[in-house]
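Chemist: Respectively, the protein sequence lines represent chains A and R.
Position one of the first sequence corresponds to residue 3 (the numbering used here), numbered consecutively onward.
Position one of the second sequence corresponds to residue 3 (the numbering used here), numbered consecutively onward.
Keep in mind that a hint or two might mislead.
Pairs count within a copy or across copies, as identical chains cannot be separated in the list.
No more than 30 Å apart at the CA atoms, straight line, and that leaves these computed lysine-lysine pairs for BS3-like [said to hold, decoys possible]: (1) Lys171 / Lys308; (2) Lys281 / Lys229; (3) Lys310 / Lys171; (4) Lys104 / Lys171; (5) Lys116 / Lys57.
Think of the hints as simulated: they come from the structure by calculation, not from any bench.
There are 2 protein chains.
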Amino acid sequence: MTMNRFWALAEGPLPAWPQEDTFVLKEGEIPTPGPGQAMTRTIYVSLDPYQWYYKQQRIEPVDAPCHARTVSQVVRSRMDGFAPGDFVFNTNGWAEYGLMGKDVWRPNYMVPRKLDESSRISHAVGVLGMLGLTAYAGMDLLASPKAGDTVVVSAASGGVGQIAGQLAKQRGARVVGIAGRDTKCRFVTDELGFDACVSHLSPTLPADLAAACPAGIDVYFENVGGKIFEAVLPLFNAAARMTICGLIAHYGEEAGRDSRAMLMKLGEPVFSSRGVRVKNLSVGDFAASHHEEMLAYVGPLVAAGKIKYREDIRQGLEVIPAAFAQMLRGDNFGKMLVQLSLDPTLGQV
Amino acid sequence: MTMNRFWALAEGPLPAWPQEDTFVLKEGEIPTPGPGQAMTRTIYVSLDPYQWYYKQQRIEPVDAPCHARTVSQVVRSRMDGFAPGDFVFNTNGWAEYGLMGKDVWRPNYMVPRKLDESSRISHAVGVLGMLGLTAYAGMDLLASPKAGDTVVVSAASGGVGQIAGQLAKQRGARVVGIAGRDTKCRFVTDELGFDACVSHLSPTLPADLAAACPAGIDVYFENVGGKIFEAVLPLFNAAARMTICGLIAHYGEEAGRDSRAMLMKLGEPVFSSRGVRVKNLSVGDFAASHHEEMLAYVGPLVAAGKIKYREDIRQGLEVIPAAFAQMLRGDNFGKMLVQLSLDPTLGQV
């Protein structure tokens, strides 16, 4: 009989960053759906930095598969509105099979939904899902870039960064990305259409960024923190807006250290003297109210090729821990996904 | 027990172009390798126009899976130099599993070989395999483009066309592509770096092509035939070179009709008066002698991003006949492949 293989967190203290023995491959029976539940086979697993934060906060149930948003196909259903063969957004985690529906644990705003096939189904955990909403909420709703503004986006070739920057371009802003190696920087300018991109690997990052932003910075979309934030800080214009989406550089720090508070403290003299408005983004706050609005705005832009979106798709359950560690190090190129089974919807692009 | 599913040609007369009932899905036991053979699982199936020509010529053994070049992984081996887990180029055809080695039928120049993972394994049926060799032989060896030449490539966004045009760019030529819909034409200029691209869907194709080639045409790489050849013909310069790689527009014509002969007859007045040299390309003639030379030249260009290569990868055995028909109609965007099982080598790009 086919079993359900999945990755769970190993016992013991958590390291700062995931190691080879941080996760354990386990095997169990494929679960049977109860009333109000459906059992689905995972096609794509979304790997995102926040998942490491979940580990550190011990948010997930123990012994269960590591949490992740997934794109799956229904195998058996006792859940209204979901039939075998349907493609769905759900949260099977790092697992080949999973239940959804009644009494199944999930972050409260990650509501299972049926997908149509008019866009790539993998986009449901990306540009047309939580990543698109994160970019839209953090850029358009919280930072309101205007024509002529200089907008800076860190982790510019990553899942959220690439969308956030292109959304600012749609508003007529001049957009400067911060990314890593050369191929990524070229992608950000040549493919995504950012006006410039500087590398955080450059020893002269502060000067490079200043040169790329001769009129200062009006909007900063923060995904990283650390020395990148320090390079941005002196360049803020009066009445600039900053959205803190993530602080990936700090996710490995000791538990209990509040990296957002430390960043606010470091920035305070500049924020107060120049009237910089800083907002923390919690995408869950926007899911119920703005998901449809985001889809109606971003969906057609993606379909028309006006917003490009690069995915970095690895294959096979076995590679998840390695791919996750690479993603946290920035060794991905585009939104990181792992594909666990073939995607029968992949057709003409 | 797991069975081997494969597509075979249905009995009865062959239509001009493949229909829904042209192929039959069959099931058999997974074959057991004899001495000197290995059994492999198919990962990628290459779909190419010549496969329809094979059908029309009834070149393949009956009742066997339809022929195709494949990328596979060895499951069981009694074949020297091939061990379980190895990734290989072979010819499993439209089948989930297949044998290779002693006494297994294959076109004689398609020799199974082991692949390393320093490039994408899917490239072994593409830019670093027969397609790369076709482009290299047809462009560099037979047509010898020189700096300043105007080179025209039809089916410019297809598997061979995209490589052929970029090889001519490497020699300093001005390269004009002919492709179909707008997104493909934009890809040809913006991504592949051709100097211009005209659409064969335009009602004014002859005038469009003339305008894109103000200095006439020195080299023509022919993949299509038909009205595209008719638009090229009047623009040939003295001592131009033409390589006939394929004539996809004619593959649906009645058996026995020699489309190359008809094209030569149509072109004869121009060919003879202007000294145009026409060569037929049969890639098998170059496989033994020039495969390594091609790899040594093209491999580093691909690795360095100087030659781009787009694949159109569909997923699942079931979709092969539909994908094949779409490819013959030009409804692919890049080299057409169908993936039958996960590719564990897919990593950072």
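Chemist: List in ascending order the numbers of the hints, as given earlier, that are violated by the structure.
Modeler: Going through the list in order, the structure violates hint 4 alone and respects the others.
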